[in-house]
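Asks: Mind docking chain S on chain P? Use the hints.
As they're listed, the protein sequences go chains P and S.
Sequential numbering of the first sequence, starting at 1, is according to the numbering used here.
Sequential numbering of the second sequence, starting at 1, is according to the numbering used here.
Treat the hints with care, as some may be off.
Just some of the chain P residues that point at chain S, by a computed CB distance under 10 Å [what the hints assert, rightly or not]: (1) M36; (2) M105; (3) R111; (4) N176; (5) V299; (6) D302; (7) F337.
Bear in mind the hints are in silico, worked out from the structure with no lab data behind them.
For glycine and all other residues, C-beta sits at the position ideal for the given N, C-alpha and C.
Number of protein chains: 2
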Amino acid sequence: MPDTDERRPRVLTGDRPTGPLHLGHLVGSLRARVAMQDEHTSFVLIADLHALATRSDRDSIERMHEHVRSIVADLLAAGIDPDETTLYLQSAVPAVYDLAVLLQMITPRRRLERLPSLAVMARDARLADDEVTMGLLGYPVLQAADILMARAELVPVGADNVERVELARTLAETFNERYEPIFPLPAPRVATVPALPGVETVPGGMRRKMSKSLGNAVYLSDPPDVVRDKLRTLCRLDGLAPDDQPLAAFVHAFLPSDEADETARAFAEGRLSEAAVLDRVVEAVEAELAPIRERRAAVEQDPDRIDEVLVDGTIRARDVAYATLEDVRRAMGLATFWDQAVEAAHARSRRRKTPFGPPS
Amino acid sequence: MPDTDERRPRVLTGDRPTGPLHLGHLVGSLRARVAMQDEHTSFVLIADLHALATRSDRDSIERMHEHVRSIVADLLAAGIDPDETTLYLQSAVPAVYDLAVLLQMITPRRRLERLPSLAVMARDARLADDEVTMGLLGYPVLQAADILMARAELVPVGADNVERVELARTLAETFNERYEPIFPLPAPRVATVPALPGVETVPGGMRRKMSKSLGNAVYLSDPPDVVRDKLRTLCRLDGLAPDDQPLAAFVHAFLPSDEADETARAFAEGRLSEAAVLDRVVEAVEAELAPIRERRAAVEQDPDRIDEVLVDGTIRARDVAYATLEDVRRAMGLATFWDQAVEAAHARSRRRKTPFGPPS
Numbered sequence: 001m002p003d004t005d006e007r008r009p010r011v012l013t014g015d016r017p018t019g020p021l022h023l024g025h026l027v028g029s030l031r032a033r034v035a036m037q038d039e040h041t042s043f044v045l046i047a048d049l050h051a052l053a054t055r056s057d058r059d060s061i062e063r064m065h066e067h068v069r070s071i072v073a074d075l076l077a078a079g080i081d082p083d084e085t086t087l088y089l090q091s092a093v094p095a096v097y098d099l100a101v102l103l104q105m106i107t108p109r110r111r112l113e114r115l116p117s118l119a120v121m122a123r124d125a126r127l128a129d130d131e132v133t134m135g136l137l138g139y140p141v142l143q144a145a146d147i148l149m150a151r152a153e154l155v156p157v158g159a160d161n162v163e164r165v166e167l168a169r170t171l172a173e174t175f176n177e178r179y180e181p182i183f184p185l186p187a188p189r190v191a192t193v194p195a196l197p198g199v200e201t202v203p204g205g206m207r208r209k210m211s212k213s214l215g216n217a218v219y220l221s222d223p224p225d226v227v228r229d230k231l232r233t234l235c236r237l238d239g240l241a242p243d244d245q246p247l248a249a250f251v252h253a254f255l256p257s258d259e260a261d262e263t264a265r266a267f268a269e270g271r272l273s274e275a276a277v278l279d280r281v282v283e284a285v286e287a288e289l290a291p292i293r294e295r296r297a298a299v300e301q302d303p304d305r306i307d308e309v310l311v312d313g314t315i316r317a318r319d320v321a322y323a324t325l326e327d328v329r330r331a332m333g334l335a336t337f338w339d340q341a342v343e344a345a346h347a348r349s350r351r352r353k354t355p356f357g358p359p360s
Numbered sequence: 001m002p003d004t005d006e007r008r009p010r011v012l013t014g015d016r017p018t019g020p021l022h023l024g025h026l027v028g029s030l031r032a033r034v035a036m037q038d039e040h041t042s043f044v045l046i047a048d049l050h051a052l053a054t055r056s057d058r059d060s061i062e063r064m065h066e067h068v069r070s071i072v073a074d075l076l077a078a079g080i081d082p083d084e085t086t087l088y089l090q091s092a093v094p095a096v097y098d099l100a101v102l103l104q105m106i107t108p109r110r111r112l113e114r115l116p117s118l119a120v121m122a123r124d125a126r127l128a129d130d131e132v133t134m135g136l137l138g139y140p141v142l143q144a145a146d147i148l149m150a151r152a153e154l155v156p157v158g159a160d161n162v163e164r165v166e167l168a169r170t171l172a173e174t175f176n177e178r179y180e181p182i183f184p185l186p187a188p189r190v191a192t193v194p195a196l197p198g199v200e201t202v203p204g205g206m207r208r209k210m211s212k213s214l215g216n217a218v219y220l221s222d223p224p225d226v227v228r229d230k231l232r233t234l235c236r237l238d239g240l241a242p243d244d245q246p247l248a249a250f251v252h253a254f255l256p257s258d259e260a261d262e263t264a265r266a267f268a269e270g271r272l273s274e275a276a277v278l279d280r281v282v283e284a285v286e287a288e289l290a291p292i293r294e295r296r297a298a299v300e301q302d303p304d305r306i307d308e309v310l311v312d313g314t315i316r317a318r319d320v321a322y323a324t325l326e327d328v329r330r331a332m333g334l335a336t337f338w339d340q341a342v343e344a345a346h347a348r349s350r351r352r353k354t355p356f357g358p359p360s
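Only chain P is shown next, with the shape it has when bound in the complex:
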């Protein structure tokens, strides 16, 4: 059972189940999540509803669910400890939908339309203007519902998602002011690590951020020889300064920082060959992947554990979400009215059942 000690800061992160996790996730997010889980009350959501905002046909939903299990396996392998972290499936927490609808009532529509990241999502999903759904426009409100239902104070995100956390913060402020102060104000924690570039498994792969959809990713679940072969496609790029070389990014991302600085300098000054640097990167990545691979093997020995972790975490998340929703409904006056109606209805029913009581 995760510690829900109120004095621990509450942190929420999540993944859209669009594919397996890769080294970019490891460097940009997973290490920090694993490091934080001991000192924080930690929530990790598998954002399957969010994935529906851009693709909601039946086949996409089925593919998405295959990814859910592989992502949970990746998270467990990477060191997310379900005894410390509430790992849950967004679509199976009913109160999140209620919160989203109620938050929509206090969300200015223009504020959503101005979010640049929505246009980016529509473009990435190759949606024509008339294919953009209300669900996509409402996506940041759903994200705010996730953040606020967990009463998260810290939301580690990439720079492109800061505006979403800021929206959640504005909605928390609006709610606290208009009704009752029930929400802590969530703050984004922007990753200080630069985004990891991809590998050259596709032409130009090194020139873009590592990403499943670009085909330039090294997956946590790749076997050692695949990892090695993919990493060995990294090479010096003409026209880039030494510090901007993708290989230098891998050096900084995977070697201990003292050694990384020294190695990068030696590489830049030509004292170290590309092949030597590559050997050291492969070795360092392998050193980090080895225990991940070991934990993944254990998970694969016992695949039902994936389901158990997800179901247990989701049931815990439901309790948290219901408690928040109850506070929200009480603060807005919705629960008060309903509770009074139920009380009056019960009183009348009790009177009817009392043979010598007052007439009903």
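Replies: Relative to the frame of chain P, chain S by itself:
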């Protein structure tokens, strides 16, 4: 317990709890609802969530809840029979929120933006452009969730709301095609009765449709002398053809149709004085209001009955809504995935509990 016989057509209507019901509601909607309830499986929702889309401050919510009880009293007084009709409070049916969020995923945003009635609602609520909420834009999807959760086939509406039922129909078609055919296609039934004009309690009151916000309404809960005084403000308007006179509208709305035609003709031809027509209208309205007033007195003798009717109806509506949501989640593949995860989790837990079973 209302008849949920599947062969009876399912009909849904609703009221936003913004004020007490008046003669315009009686003529335009209540008579038909009461007449339909015996031959239909009938749902009447009190749309308190819809009211939040334009006004969500705490005071407005409190005022709204006072109106909820007065509207239920009006509906019971008008002859809505809670043994025939499921009368329920929208905000207290959790599955409606879930359905709304899922339907947003298949609703093109542009289709919502093109609905003229949204601009009208924003104008009527005196909302500046930057005060329009996501909730208002999503309002028609929430309405579709109400209609589809009840699997309504018939939705009696005013002409200005036809486009909303058509949106619900499109969403039902899209859902049935994309996933599984679980929804009957709802059809609007547009009132054939012309809208009742107001009374002249305010200058120009007769020239507008009867409406609470215009101050030109005769309420079902008005006492007889108030009804009489308000009706007696009706008079011949200069510059209007005899058939377009507001008084003629009251004649057609409240006198039996044979008598109405003859009375209107005699009035138009000057064979009947304004005072004589007015007397007959007052008499006819009173004849219709008398039993309504009697039922209202009974309700007021036993105010907890209002709560009991609302709570019982809402609990019935919840069952209907959960059943629909379950079908929706199954059709989309969301329930299938979750059910399998729960089953696998249980299997693992059972194995752990079996001391001589297979290792866990």
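Asks: For a quick check of understanding: which of the numbered hints are violated here, in increasing order?
Replies: Numbers 1, 4 and 5, in rising order.
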